Each structure stands twice: as structure tokens, then as C-alpha cells.
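Let's have the full structure, built from the sequences with the hints guiding it.
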Amino acid sequence: GDSVTQMEGPVTLSEEAFLTINCTYTATGYPSLFWYVQYPGEGLQLLLKATKADDKGSNKGFEATYRKETTSFHLEKGSVQVSDSAVYFCALRDQNTGNQFYFGTGTSLTVIP
Amino acid sequence: SAVISQKPSRDICQRGTSLTIQCQVDSQVTMMFWYRQQPGQSLTLIATANQGSEATYESGFVIDKFPISRPNLTFSTLTVSNMSPEDSSIYLCSVEDLGRGGEKLFFGSGTQLSVL
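Protein chains in written order, with my numbering: chain A, 618 to 730; chain B, 6 to 121.
Quick caveat, the hints were computed from the structure, so don't treat them as lab data.
As the structure is a computational prediction, the values presented were derived from the model and not from experiment.
One or more hints might be untrue.
[Claimed, not checked] Heads up, incomplete: computed chain A residues facing chain B, CB under 7 Å, no partners named:
(1) G646
(2) S649
(3) L661
(4) E686
(5) Q717
(6) F720
(7) G721
(8) T722
(9) L726
All C-beta atoms in this analysis are idealised placements derived from N, C-alpha and C, irrespective of residue type, glycine included.
Written out as C-alpha cells, the structure is:
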């Protein structure tokens with residue numbers, strides 16, 4: 618069945634460091650891929666998405682490229698800020714399996730000044 | 006976009022009791038979703054709440070344990086019945102925005118439940 622495997626955390630970085638959070642997926646069809654972010658005390662919100670192979674989603678300096686050959690959707694940011702401290706969830710949606718969203722376990726990021 | 010208010014934000018309950026979680030959306034939505042996030046695990050869909058019909062439950066979840074109400078297009082409740090410590094989890098309400106490209110979920114801030 619469909620699933621998402623996400624890099625375990627927690628991750629602690631210094632401000633302006635480079636961030637990578639790995640995400641790989643298993644799907645029967647051609648899913649849409651997402652990164653959601655949950656800031657402290659708030660609900661999950663969509664950060665970026667990509668709907669087909671080689672698409673790049675980007676938002677707030679974060680990027681992720683849909684790599685079909687490696688079934689991956691790694692999240693990257695060149696220079697993190699303290700305000701990026703949050704929990705990040707990778708997710709997929711596969712129309713072949715009823716349109717349900719499948720989420721990873723979440724990766725907690727703390728950025729220290 | 007949609008703004009979701011979920012309450013309570015957290016609760017500590019005794020074994021064998023029930024807790025009802027409320028979810029209020031600031032706009033009318035067709036489907037509302039209830040997720041569970043157990044410690045160290047991914048979000049798992051419990052059920053989809055449709056207005057005017059029975060909720061649709063995912064494998065492993067049953068109506069007797071997680072009854073859902075959906076009285077109108079902006080409100081839903083999830084009850085966790087006859088609780089045990091294994092029900093300790095974060096419960097999340099969610100709706101989908103099908104406009105402007107769709108496939109965008111909005112979430113409440115969650116209910117953190119601890120069962121003693």
C-alpha cells in the first residue's frame with residue numbers, strides 16, 4: 618500500500634545553516650506529494666506541493682523536487698531561521714487509492730540563534 | 006482558506022470514560038476528516054464525516070468506538086468512547102480546500118488526549 622517514510626528527528630541547526638529533511642514514498646500510481654508544517658501551538662498547514670515528476674514545489678525559501686526515479690521528495694532550505702522551528706510532515710495523495718492523504722511521522726526542527 | 010477551531014486543546018481522562026472533541030470551521034465544507042497521531046507515528050485517518058449521512062470509517066476504526074456527528078456544514082464532533090491508555094494520542098480535525106488547485110488540507114490545532 619501507499620506509505621511515506623520520513624527522516625527521523627529531532628533536528629537541531631544553527632541559524633543560516635542548510636536544511637535537508639529526507640522523504641521517500643511508496644505508491645501504486647502517480648501521487649501528488651506535499652510538505653506540511655506545524656508551528657508550535659498551531660494546526661498543520663501546507664508548505665508546498667508537487668503534482669508530477671520533476672516538478673519543484675517552493676514556498677518561504679523551502680524547496681522540494683518530485684523525483685520519480687528515486688521516489689523521493691526531500692525538503693531543502695539554504696539558510697534556516699529561528700522562525701522555521703516547527704514539525705515538518707511529508708505526505709502523498711494517490712488518486713489510485715481513494716484520494717486519501719498518507720503522512721510521514723513528522724520531523725521536528727529546532728533552529729538556534 | 007479555512008480557519009478551524011478545535012476544542013478542547015488537551016485533556017486528561019480516566020480509563021472507561023468518553024471524551025467529545027469539537028471542530029468548528031469558518032466556512033461550509035462538504036467533508037471533514039478526523040485524524041489520529043499516536044506518539045512517534047504518522048497521522049492516521051480515522052474517518053470522513055459527511056453532512057447528512059453516516060461517517061465513513063477507515064480500516065481499524067469503528068463507529069462504536071469513535072462515533073462522529075456532523076449536524077451541519079461547519080461543525081463536527083468526534084467522541085472517543087470507553088477510553089483506555091492506548092487511546093492517548095493527538096486527534097486532529099481537517100477539511101479540504103478544493104478551490105485554486107485543490108488538494109490542500111486545513112487542520113485544527115489538535116486535541117492532545119492522555120488517558121490514565
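We went through each hint and held it up to the structure:
1. G646: With Cβ-Cβ at 14 Å, over 7 Å, it is violated.
2. S649: Interface hint status for S649 of chain A: holds (6 Å vs cutoff 7 Å).
3. L661: Since the shortest Cβ distance to chain B is 4 Å, the answer is holds.
4. E686: violated, 23 Å
5. Q717: Interface hint status for Q717 of chain A: holds (6 Å vs cutoff 7 Å).
6. F720: holds, 4 Å
7. G721: holds, 6 Å
8. T722: Nearest chain B Cβ about 5 Å off; hint holds.
9. L726: Where the cut-off is 7 Å and the nearest Cβ of chain B is about 16 Å from L726 of chain A, the hint is violated.
Checked against the numbered hints above, the structure breaks hints 1, 4, 9 and satisfies the rest.
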